[in-house]
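Under UniProt numbering, residue 154 is the last one in the sequence shown; the count climbs by one each step, no gaps.
Derived from the structure by calculation, the hints contain no laboratory data. Cβ atoms here follow ideal geometry from the backbone N, Cα and C, with glycine treated the same way. The reader is advised that the hints may include incorrect statements.
[To be verified] When the alpha-carbon atoms are kept at most 20 Å apart in a straight line, the in silico SDA-like pairs for lysine to any residue are as follows:
1) LYS114 - TYR104
2) LYS91 - ILE139
3) LYS118 - LYS131
4) LYS118 - ASN129
5) LYS130 - GLU69
6) LYS114 - LYS130
7) LYS133 - ASN81
8) LYS91 - GLU116
9) LYS76 - ILE92
10) LYS121 - VAL97
11) LYS76 - LEU137
12) LYS66 - LEU56
13) LYS76 - ASP143
14) LYS91 - LEU56
15) LYS130 - GLU108
16) LYS91 - ASN117
17) LYS76 - ILE132
18) LYS107 - LYS130
19) LYS131 - GLU116
20) LYS131 - GLN80
21) LYS130 - ASN106
22) LYS121 - ILE101
23) LYS76 - LEU126
24) LYS114 - GLU69
25) LYS73 - CYS142
26) LYS133 - VAL111
27) LYS121 - GLU83
28) LYS107 - ASN81
29) LYS114 - PHE90
30) LYS130 - GLU116
31) LYS95 - GLY120
32) LYS121 - ILE78
33) LYS66 - ILE132
34) LYS114 - ILE101
[To be verified] Ranges between beta-carbon positions, derived for each pair:
35) ASN117 - ALA53: 25 to 31 Å
36) VAL82 - LYS121: 18 to 24 Å
37) LYS73 - MET52: 31 to 37 Å
38) SER63 - ARG125: 19 to 25 Å
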Amino acid sequence: SQTEINNEDSNQKDYGWIIFCIIIISQTEINNEDSNQKDYGWIIFCIIIIIMALCLEMTLLYSFGKSNELSRKEYKVIVQNVENNENSQFKIDGKDVEIYIIIYENKEECVVSKLENKNGKVTRRLEENKKIKKENLEIYYCDDIYEICNCLTL
1 SQTEINNEDS NQKDYGWIIF CIIIISQTEI NNEDSNQKDY GWIIFCIIII
51 IMALCLEMTL LYSFGKSNEL SRKEYKVIVQ NVENNENSQF KIDGKDVEIY
101 IIIYENKEEC VVSKLENKNG KVTRRLEENK KIKKENLEIY YCDDIYEICN
151 CLTL
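Can you make the complete structure from the sequences, with help from the hints?
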């Protein structure tokens, strides 16, 4: 009978150890799942921060570039003679001409935009661009396109 009591105590102790081990293992798995979820949370947080920083950088670069280009004064210009029947807004040496600013150029062609003279104020028509070939073009450099007047001499 004493051996039966000892066997029951040892069985209860074994069950106690088994239950203790199960609790420890389950807590370890729960902690591992929580740490994995925390790691995924940090990774997602870092990715979102990086994406937001890149968007902010692109916005700042675009707005800085746009404002810098709109305040630009010095351009290469192309002067083109105008037929007598067309209205020209600029005169050089008594000849009617149209003046185009070069927005972009490579070896073969360039993108130009027309200058307008409205009531003595020179404006750029950047929404109306056209491509032209650079063959037989005389290209001039102008320090300040806003100071071009009707009596321009190149």
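* Unmet hints by their number, sorted upward, for this structure -> The structure breaks hints 3, 14, 27, 28, 33, 35; every other hint is satisfied.
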